[in-house]
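Participant: One letter stands for each residue in the lines below.
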Amino acid sequence: MFSARKLDRLVAAGIITQTQKLEILDYEDGKGSFSLIRKALAALGIFTVGLGLISLVAANWYDICDAVKLGFLLVAMFGTAAATCYLKSKGRHASAEKMLLGLFFLCGAGIGLVIQVFQLGGGKEYTPFGIWALMTLPLLFVPKQKMVSYFWVPLFLGWAFCYAADNLSGWLAEHPQIGHWVPEIILLLFLGLAGIGYGLERCVRGAAFGTILKKEAVFVFYLSLALYILVAGFDNYDGLCRLGRAVVLLLALSFVFWRYKNGQLLRRNVKFAGWLVMMLYINLGNTLGLFETGVGLIIGGSVLLLLLGCAPRAVQFACKGIKHV
Amino acid sequence: MSEKLKNTVLIMLPVFLMAGLIAYLVWQSAAGVSVKIRLRGYDPRDLLAGHYIRYELDWEATDCGQFADNICPKADFSALKTGRFYVPEKYAKALEQDIQNSHNVAEMVFSYRQGQRPFVRHLLVNGKNWDGVPRP
Chain A
1 MFSARKLDRL
11 VAAGIITQTQ
21 KLEILDYEDG
31 KGSFSLIRKA
41 LAALGIFTVG
51 LGLISLVAAN
61 WYDICDAVKL
71 GFLLVAMFGT
81 AAATCYLKSK
91 GRHASAEKML
101 LGLFFLCGAG
111 IGLVIQVFQL
121 GGGKEYTPFG
131 IWALMTLPLL
141 FVPKQKMVSY
151 FWVPLFLGWA
161 FCYAADNLSG
171 WLAEHPQIGH
181 WVPEIILLLF
191 LGLAGIGYGL
201 ERCVRGAAFG
211 TILKKEAVFV
221 FYLSLALYIL
231 VAGFDNYDGL
241 CRLGRAVVLL
251 LALSFVFWRY
261 KNGQLLRRNV
271 KFAGWLVMML
281 YINLGNTLGL
291 FETGVGLIIG
301 GSVLLLLLGC
311 APRAVQFACK
321 GIKHV
Chain B
1 MSEKLKNTVL
11 IMLPVFLMAG
21 LIAYLVWQSA
31 AGVSVKIRLR
41 GYDPRDLLAG
51 HYIRYELDWE
61 ATDCGQFADN
71 ICPKADFSAL
81 KTGRFYVPEK
91 YAKALEQDIQ
101 NSHNVAEMVF
111 SYRQGQRPFV
121 RHLLVNGKNW
131 DGVPRP
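From first to last, the protein sequence lines are chains A and B.
The working numbering puts the first residue of the first sequence at 1, with every later residue one more than the last.
The working numbering puts the first residue of the second sequence at 1, with every later residue one more than the last.
Next comes chain A alone, as it looks inside the complex:
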């Protein structure tokens, strides 16, 4: 692994050219030489420094006048941003990324300071997080950054969830016919976010936040779907309807994944189909009262044997076939 400083010395000695130096740095960035452990430690270090800054603000820095505090904040932010620009221009992307994450946390600490100086407390608890996400949105479009996205996306999703829960709960209580569909709306919302992430991934080349938004939204979607199916398993007739909707959703998604050759997500859908069948079995057993006599278990076991005996192709498809998609 080559560091930018070592390469600078080689350039100065005339061993390599400036172009070769940039090519080597690009190659190093591309092959991911910055190992996962080093990345995690760097992120942890910067996160700790960020927390320290926020704690410093929270420690009631009362003896220093407000103008000096705010001036210090702006100077610190400007200095960090300038250092990031400098490191980027020198091709030191790994260091620039750390500084960028520092700028992200400084923004958060700065918002805390502004709230204290201007006594803005008392409003909605989640508003500062929304301002933080909005203020740091441009950082997501900086090429070759990933760390900020890993912190920004959960910040944004957390804020959006709190905002929606706070503003929509009253409205939904007044409109129970829509309130009944909230779980489905949440599922579709996360699917929509995953779609936005996918679109950004395609449209904004070099910006990682689209990929991260897609991954995290897909993760939360499947987590919500698992809970949705679990609850539906114990909810009698309503649960049966919900399980039916889950089947439609899984089939539609499987078609999309099959169409775009995403074997990983297709395999995940097959696992979810298994989870769904199990909860359907529990639901039907409870609804029809089959568990009281053991008839349900006999029927369930027979259905499984039939499935294995009569539909070997489907089982093969689930177990092996998709791996080659």
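To be clear, the hints were calculated from the coordinates, so they are not data collected in a lab.
Be a bit skeptical, because a hint or two may be false.
[Stated by the list, open to error] Here are the computed distance ranges between Cβ atoms for each label pair:
1. Ala75(B) with Gly289(A): 53 to 63 angstroms
2. Ala13(A) with Gln28(B): 20 to 30 angstroms
3. Val231(A) with Val33(B): 49 to 59 angstroms
4. Gly158(A) with Gln66(B): 33 to 43 angstroms
5. Val270(A) with Ala23(B): 54 to 64 angstroms
6. Arg40(B) with Cys203(A): 30 to 40 angstroms
7. Lys36(B) with Gly179(A): 36 to 46 angstroms
[Said to hold, decoys possible] Taking lysine-lysine and the DSS-like style, the derived pairs with C-alpha atoms no more than 27 angstroms apart in a straight line are:
8. Lys74(B) with Lys6(B)
9. Lys6(B) with Lys146(A)
10. Lys4(B) with Lys69(A)
11. Lys36(B) with Lys128(B)
12. Lys6(B) with Lys21(A)
13. Lys4(B) with Lys144(A)
14. Lys128(B) with Lys90(B)
Here a beta-carbon is modelled for each residue, glycine too, at the ideal position from N, C-alpha and C.
Chain A is fixed; fit chain B onto it per the hints.
Facilitator: Below, chain B without anything else, positioned relative to chain A:
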């Protein structure tokens, strides 16, 4: 736009947004006139939750003569109905005792403009700034 310029704009934008936010808040808080509103309803269990005081505005005891048409603009202060006032921890205990003392009068000074969100300026206890330091 060159790549370098684009990067510089993207990285510097949060700094300018923060500067803009501070400038806006300074302007907003300086533009209003000072009004005093009485405070009430302190819950001693939650009076000082860490570094701030939770307060509630007491419109019954507030002099509405300081507002236009002698009407207290409660709607403009709805966002601050139960607000927070940040104080340093080392001064907290003494302030808590001062405010809990029923012989004392606690008032919040706001910078107010009709139809706009008010901004907190000071907390007064018996007409003096809570820390005893004179403020404009």
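Participant: Taking each numbered hint in turn, which are not upheld by the structure, reported in ascending numerical order?
Facilitator: Those not satisfied are hints 2, 6, 8, 10.
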